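Here the protein sequences come in this chain order: A and B. Our numbering numbers the first residue of the first sequence as 16 and each following residue consecutively. Our numbering numbers the first residue of the second sequence as 144 and each following residue consecutively.
Incorrect hints may appear among the rest.
[Stated by the list, open to error] Each pair of labels, with its calculated beta carbon distance range:
{"#": "1", "chain 1": "B", "residue 1": "E445", "chain 2": "A", "residue 2": "E132", "range": "35 to 41 angstroms"}
{"#": "2", "chain 1": "A", "residue 1": "D127", "chain 2": "B", "residue 2": "D331", "range": "52 to 58 angstroms"}
{"#": "3", "chain 1": "B", "residue 1": "T673", "chain 2": "A", "residue 2": "S116", "range": "44 to 50 angstroms"}
{"#": "4", "chain 1": "B", "residue 1": "D331", "chain 2": "A", "residue 2": "E132", "range": "47 to 53 angstroms"}
{"#": "5", "chain 1": "B", "residue 1": "M223", "chain 2": "A", "residue 2": "G65", "range": "29 to 35 angstroms"}
{"#": "6", "chain 1": "A", "residue 1": "E200", "chain 2": "B", "residue 2": "V644", "range": "20 to 26 angstroms"}
{"#": "7", "chain 1": "B", "residue 1": "P598", "chain 2": "A", "residue 2": "S171", "range": "51 to 57 angstroms"}
{"#": "8", "chain 1": "A", "residue 1": "G136", "chain 2": "B", "residue 2": "E444", "range": "37 to 43 angstroms"}
{"#": "9", "chain 1": "B", "residue 1": "F526", "chain 2": "A", "residue 2": "A118", "range": "44 to 50 angstroms"}
{"#": "10", "chain 1": "B", "residue 1": "G638", "chain 2": "A", "residue 2": "I256", "range": "37 to 43 angstroms"}
[Stated by the list, open to error] Below 30 angstroms or equal to it, Euclidean Cα-Cα: the simulated DSS-like pairs (lysine-lysine) are:
{"#": "11", "chain 1": "B", "residue 1": "K560", "chain 2": "A", "residue 2": "K226"}
{"#": "12", "chain 1": "B", "residue 1": "K338", "chain 2": "A", "residue 2": "K226"}
{"#": "13", "chain 1": "B", "residue 1": "K338", "chain 2": "B", "residue 2": "K314"}
{"#": "14", "chain 1": "A", "residue 1": "K226", "chain 2": "A", "residue 2": "K81"}
{"#": "15", "chain 1": "A", "residue 1": "K153", "chain 2": "A", "residue 2": "K81"}
{"#": "16", "chain 1": "B", "residue 1": "K560", "chain 2": "A", "residue 2": "K81"}
{"#": "17", "chain 1": "B", "residue 1": "K150", "chain 2": "B", "residue 2": "K560"}
{"#": "18", "chain 1": "A", "residue 1": "K220", "chain 2": "A", "residue 2": "K153"}
{"#": "19", "chain 1": "B", "residue 1": "K431", "chain 2": "B", "residue 2": "K601"}
{"#": "20", "chain 1": "B", "residue 1": "K601", "chain 2": "B", "residue 2": "K426"}
{"#": "21", "chain 1": "B", "residue 1": "K650", "chain 2": "B", "residue 2": "K617"}
{"#": "22", "chain 1": "B", "residue 1": "K426", "chain 2": "B", "residue 2": "K150"}
{"#": "23", "chain 1": "B", "residue 1": "K150", "chain 2": "B", "residue 2": "K434"}
{"#": "24", "chain 1": "A", "residue 1": "K220", "chain 2": "B", "residue 2": "K560"}
{"#": "25", "chain 1": "A", "residue 1": "K153", "chain 2": "B", "residue 2": "K560"}
Worth flagging that the hints you see were computed from the coordinates, not collected in a lab. Values in this document were obtained by computation on a predicted structure and should not be read as measured data. Built from N, CA and C at the ideal position, the CB exists for glycine as well.
Chain by chain, the residues run as shown.
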Amino acid sequence: MNRREALFSLGLAAAVAPLAAKGVKAEELNGFPTATAQNPDHLPVPARRGGEYVVLRDETDRNTVKAVFDRLIPADDHGPAASEAGCIEFLDDQLAGTYGSGAALYLEGPLDPANEEAIMGMPQFLSTPRQRYEIGLKALEAYAQTTDGVAFAALSPDRIDEILTGLEAGEIDLGPEIHAGAFFELMLQNAREGYLSDPIYGGNKDMAGWKMIGFPGARYDYRPYIDRRGEALNLTPVSLIPQD
Amino acid sequence: MTIERPKADVVIVGLGWAGSVMAEELTRAGLNVVAIERGAWRDTSTDFPPAVDADELKWHTRRTMLQPMSVETTTFRNRMDQTAAPVRNWSAFQYGWNVGGAGTHWAGMSWRFTPWDLQVASQTRERYGDAFTDSLNLQLQDWGMSYDELEPYYDRFERIAGTSGIAGNIKGEIQAGGNPFEGPRSRDYPTPPLKDSHWMSKFRETTQNMGYHPFTIPAGNLSQAYVNPLGVNMGPCTYCGFCDFHGCGNFSKSSPQACILPVLMRRPNFTVLTETEVLHAVKHEDGKTAKGVRFVTKEGEEGFQPADVVVITAFQMDNVRLMLLSGVGEAYDPVSHTGTVGRNYNYQTCSSVTGFFDGEHMNPFIGGGALAVQIDDFNGDNFDHTGLGFIGGAGIMGYSTDGRPIQRMDNLRPGTKRWGSEWKSGYARDYGSNGTIFCQGTSMPVRDAYLDLDPTYKDRHGQPLMRMTFDWNKNDRDMCSYVTDRAVEIMREVGGSDIIVDNQADKSWNPYMQTSSHTQGGAVIGADPTTSALNTYCQSWDVHNVFVVGASAFPANAGYNPTVTVGALAVRAAQAIHQTYVNNPGPLVDA
Numbered sequence: 016m017n018r019r020e021a022l023f024s025l026g027l028a029a030a031v032a033p034l035a036a037k038g039v040k041a042e043e044l045n046g047f048p049t050a051t052a053q054n055p056d057h058l059p060v061p062a063r064r065g066g067e068y069v070v071l072r073d074e075t076d077r078n079t080v081k082a083v084f085d086r087l088i089p090a091d092d093h094g095p096a097a098s099e100a101g102c103i104e105f106l107d108d109q110l111a112g113t114y115g116s117g118a119a120l121y122l123e124g125p126l127d128p129a130n131e132e133a134i135m136g137m138p139q140f141l142s143t144p145r146q147r148y149e150i151g152l153k154a155l156e157a158y159a160q161t162t163d164g165v166a167f168a169a170l171s172p173d174r175i176d177e178i179l180t181g182l183e184a185g186e187i188d189l190g191p192e193i194h195a196g197a198f199f200e201l202m203l204q205n206a207r208e209g210y211l212s213d214p215i216y217g218g219n220k221d222m223a224g225w226k227m228i229g230f231p232g233a234r235y236d237y238r239p240y241i242d243r244r245g246e247a248l249n250l251t252p253v254s255l256i257p258q259d
Numbered sequence: 144m145t146i147e148r149p150k151a152d153v154v155i156v157g158l159g160w161a162g163s164v165m166a167e168e169l170t171r172a173g174l175n176v177v178a179i180e181r182g183a184w185r186d187t188s189t190d191f192p193p194a195v196d197a198d199e200l201k202w203h204t205r206r207t208m209l210q211p212m213s214v215e216t217t218t219f220r221n222r223m224d225q226t227a228a229p230v231r232n233w234s235a236f237q238y239g240w241n242v243g244g245a246g247t248h249w250a251g252m253s254w255r256f257t258p259w260d261l262q263v264a265s266q267t268r269e270r271y272g273d274a275f276t277d278s279l280n281l282q283l284q285d286w287g288m289s290y291d292e293l294e295p296y297y298d299r300f301e302r303i304a305g306t307s308g309i310a311g312n313i314k315g316e317i318q319a320g321g322n323p324f325e326g327p328r329s330r331d332y333p334t335p336p337l338k339d340s341h342w343m344s345k346f347r348e349t350t351q352n353m354g355y356h357p358f359t360i361p362a363g364n365l366s367q368a369y370v371n372p373l374g375v376n377m378g379p380c381t382y383c384g385f386c387d388f389h390g391c392g393n394f395s396k397s398s399p400q401a402c403i404l405p406v407l408m409r410r411p412n413f414t415v416l417t418e419t420e421v422l423h424a425v426k427h428e429d430g431k432t433a434k435g436v437r438f439v440t441k442e443g444e445e446g447f448q449p450a451d452v453v454v455i456t457a458f459q460m461d462n463v464r465l466m467l468l469s470g471v472g473e474a475y476d477p478v479s480h481t482g483t484v485g486r487n488y489n490y491q492t493c494s495s496v497t498g499f500f501d502g503e504h505m506n507p508f509i510g511g512g513a514l515a516v517q518i519d520d521f522n523g524d525n526f527d528h529t530g531l532g533f534i535g536g537a538g539i540m541g542y543s544t545d546g547r548p549i550q551r552m553d554n555l556r557p558g559t560k561r562w563g564s565e566w567k568s569g570y571a572r573d574y575g576s577n578g579t580i581f582c583q584g585t586s587m588p589v590r591d592a593y594l595d596l597d598p599t600y601k602d603r604h605g606q607p608l609m610r611m612t613f614d615w616n617k618n619d620r621d622m623c624s625y626v627t628d629r630a631v632e633i634m635r636e637v638g639g640s641d642i643i644v645d646n647q648a649d650k651s652w653n654p655y656m657q658t659s660s661h662t663q664g665g666a667v668i669g670a671d672p673t674t675s676a677l678n679t680y681c682q683s684w685d686v687h688n689v690f691v692v693g694a695s696a697f698p699a700n701a702g703y704n705p706t707v708t709v710g711a712l713a714v715r716a717a718q719a720i721h722q723t724y725v726n727n728p729g730p731l732v733d734a
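Please construct the entire structure, taking both the sequences and the accompanying hints into account.
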């Protein structure tokens with residue numbers, strides 16, 4: 016079976032009533048389940064391609080995050096800029112899903128921000144990544160309008176770098192509702208995730224991020240190579256998207 | 144409405160490694176076993192095939208296979224005078240979230256503990272004297288049994304799990320190429336060791352030349368095809384580098400799915416309830432025994448599973464928490480120094496040393512979860528501690544576990560900016576040309592490091608979360624500092640430049656900064672009921688039909704990964720239950 020057929024058959028299996036989804040009561044399993052099938056939550060869910068943005072619907076927000084991402088990962092000899100590699104689509108898709116809604120996070124109060132930051136060594140939040148972007152991007156735009164009198168996206172690359180440097184160092188205040196340093200870290204994390212994760216999630220177009228560092232991607236068998244000592248293997252990267 | 148299920152001989156809480164081993168032994172002995180697992184059913188061939196597994200974002204970054212914090216988390220503080228805060232985001236803790244538990248996503252480092260690890264208190268007194276031992280201010284205690292008593296069960300678990308490696312000591316005879324410091328084994332590993340990566344071969348050659356004793360670490364990543372004693376087939380590891388945090392669709396990584404469940408599920412006297420969470424055990428009126436467990440289904444219906452024997456084999460934290468929520472044993476109080484449940488919490492003291500090698504091709508994407516060369520010359524009590532002021536040590540390994548690009552994006556030469564063109568050129572330069580030495584060290588218990596129920600924060604069922612009070616103690620810090628210096632010497636000798644040292648113990652502990660997920664203790668075994676919650680068969684001293692198996696049982700931690708010791712304790716406890724306990728219910732050891 017080639018890769019396309021493998022993915023296709025897995026997709027079919029997921030479409031047929033999977034084990035976990037059919038349960039309305041606790042699953043009592045006696046004997047090896049004969050109807051085992053790929054569970055939908057274990058399949059990669061490709062990013063939506065084309066069409067409207069789901070979270071980053073506001074054009075100013077989208078221009079702001081693009082301006083930030085393209086300074087975090089600019090176009091140069093090592094590859095395209097973040098937005099050229101699909102990182103904005105990646106971010107929108109991630110924020111529209113369980114990551115954006117903070118499904119995995121413990122968000123119960125009470126929250127004593129100072130105590131939690133002191134104990135945990137980093138700030139803690141009751142808001143989700145999606146909410147943090149919604150507030151944070153508006154705050155960045157307001158900051159640019161106040162300090163420079165123009166839209167954030169209209170700032171020069173050097174000025175954006177200056178602001179990002181200030182955010183990273185915790186020297187810029189974006190207002191009481193937002194922890195500026197943590198928002199910088201969130202954006203940096205997501206921009207680089209989009210540049211380095213499998214292209215099936217919308218970023219890393221043409222596997223540009225993987226080519227930059229020499230990572231061969233979604234290969235799963237290196238037995239032919241492990242005995243080769245210190246050689247440049249120059250393996251062409253492959254992704255979870257069928258190419259054959 | 145409460146569902147009351149038919150009575151079972153044994154109910155097992157949590158179907159990870161310990162629960163699966165336990166269920167296999169008990170059903171083979173003819174007992175009727177019901178296991179209750181809060182995660183879902185997951186299969187090797189359908190859920191983790193190679194076309195799905197090689198996905199860093201999904202499995203490692205987003206941790207899709209792990210139990211979310213929203214389901215259950217821990218609160219944490221360094222000291223008793225602080226207010227604990229909940230761990231809100233992904234951190235060092237890695238609870239399993241499916242049938243197979245943490246045994247599905249672990250890396251596969253398959254260590255035994257050494258004879259010294261099980262008898263830290265008595266052997267330290269014997270070798271270094273009372274004055275030195277007392278000066279450490281530790282809460283040292285023995286495990287209540289020797290390595291030799293545990294050896295047959297180690298052997299059984301290694302055979303079931305499938306373990307590749309090279310023996311260093313067979314029945315007291317030191318073997319060339321193995322770890323000369325390990326305890327005597329009854330026989331060699333089931334399959335030969337894995338191959339070296341380029342970085343491992345550099346580490347091996349250098350440490351050999353320095354007079355140390357490098358060996359390939361034991362691995363639940365199989366080096367060749369293998370059929371385990373249950374008749375289950377496993378395949379060879381492909382060095383794909385997507386191992387820990389990931390499943391394995393090649394049947395190459397030891398897991399309950401691959402090694403036990405295919406056989407266990409076909410036994411008519413075994414039933415598993417999935418996506419069902421045990422709230423607590425329920426005791427009889429007299430408080431001397433338990434009559435079963437209360438559970439809640441995914442739909443929120445409560446139920447009761449009656450059983451003659453209750454076996455708790457959940458994650459380490461949950462084992463302790465379930466004992467506290469069930470009133471099995473007395474809660475530990477560090478002030479009055481009474482009670483045992485929550486006592487002797489310990490962790491794993493780690494550091495790493497990374498070096499850079501101009502123009503070399505390490506090909507870091509070639510890896511296995513348990514692919515490493517180690518020296519044990521500075522682990523445990525393998526070196527003379529006279530005058531050092533601490534006990535314990537660490538295994539020092541050169542490893543090739545993964546080359547995941549998101550995980551490594553900050554693994555750059557010191558001073559490199561984390562964004563912009565400088566980051567891009569830095570990552571292009573450094574991704575393939577560095578090597579890391581990892582020191583995995585012991586952790587010793589102290590009086591005020593413990594677990595109890597949090598007074599404020601609750602889980603989704605309204606039950607209190609576990610509260611952890613912990614910081615590195617002086618012994619752990621001094622040990623880690625000493626061993627890290629040895630790792631730096633090795634890195635210099637092997638030729639790495641721009642060396643980065645990350646000594647976890649040189650700052651206060653917090654769960655977001657850890658490079659180890661090895662959380663231990665809190666429901667520990669021992670020979671003395673005033674200092675241990677369980678006897679060495681993992682049986683509660685107070686409620687004799689409750690058995691609790693997991694890393695929660697370790698009174699101190701060794702410089703090794705916990706899984707194989709958990710497995711050995713599970714085999715031993717299971718055999719004690721079906722060979723002795725069911726015929727004559729009562730304490731297996733006199734208090």
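A quick look at each hint next to the structure:
Distance hint check: the CB atoms of B/E445 and A/E132 are about 38 angstroms apart, consistent with the given range 35 to 41 angstroms. Checked against the given bound of 52 to 58 angstroms, the beta carbons of A/D127 and B/D331, roughly 55 angstroms apart, stay inside it. The hint said 44 to 50 angstroms for the Cβ distance between B/T673 and A/S116, and at roughly 48 angstroms that hint holds. The hinted window of 47 to 53 angstroms between B/D331 and A/E132 holds, with their beta carbons roughly 51 angstroms apart.
The hinted window of 29 to 35 angstroms between B/M223 and A/G65 is violated, with their beta carbons roughly 57 angstroms apart. Distance hint for A/E200 and B/V644: a CB-CB separation of about 23 angstroms, consistent with the stated range 20 to 26 angstroms. The hinted range of 51 to 57 angstroms is satisfied by B/P598 and A/S171, whose Cβ atoms lie roughly 53 angstroms apart. For A/G136 and B/E444, the Cβ-Cβ distance of about 40 angstroms falls inside the hinted range of 37 to 43 angstroms, so the restraint holds.
About 48 angstroms separates the C-beta atoms of B/F526 and A/A118, a value consistent with the hinted range of 44 to 50 angstroms. Distance hint check for B/G638 and A/I256: the Cβ-Cβ separation is about 40 angstroms, which falls inside the suggested range of 37 to 43 angstroms. Straight-line distance between C-alpha atoms of B/K560 and A/K226 comes to about 20 angstroms, which keeps the hinted pair within the 30 angstroms bound. Proposed proximity of B/K338 and A/K226 is supported: the alpha carbons are some 27 angstroms apart, at most 30 angstroms.
At most 30 angstroms may separate the alpha-carbon atoms for a hinted pair to count; B/K338 and B/K314 meet this at roughly 26 angstroms. Using a Cα cut-off of 30 angstroms, the hinted pair A/K226 and A/K81 holds, with the two alpha carbons roughly 22 angstroms apart. Straight-line distance between C-alpha atoms of A/K153 and A/K81 comes to about 13 angstroms, which keeps the hinted pair within the 30 angstroms bound. A distance of roughly 20 angstroms separates the Cα atoms of B/K560 and A/K81; the hinted pair therefore holds under the 30 angstroms criterion.
Note on B/K150 and B/K560: the hinted pairing is violated, with a Cα-Cα distance of about 62 angstroms set against a maximum of 30 angstroms. With a CA separation close to 28 angstroms, the supplied pair A/K220 and A/K153 stays within the 30 angstroms bound. Our distance criterion of 30 angstroms between C-alpha atoms is met by B/K431 and B/K601, whose separation comes to about 28 angstroms. Our distance criterion of 30 angstroms between C-alpha atoms is met by B/K601 and B/K426, whose separation comes to about 23 angstroms.
Between B/K650 and B/K617, the direct Cα distance comes to roughly 12 angstroms. Compliance with the 30 angstroms bound is thereby established for this hinted pair. Proximity of B/K426 to B/K150 is assessed by CA-CA distance (about 15 angstroms); at most 30 angstroms being required, the pair is judged to hold. In summary, the hint linking B/K150 to B/K434 is supported, as the alpha carbons are separated by about 9 angstroms, within the 30 angstroms threshold. With a C-alpha separation of about 24 angstroms, the suggested pair A/K220 and B/K560 falls inside the 30 angstroms cut-off, and the hint holds.
Taken as a hint, the A/K153 and B/K560 pair is honoured in the structure, with Cα atoms around 26 angstroms apart against an allowance of 30 angstroms.
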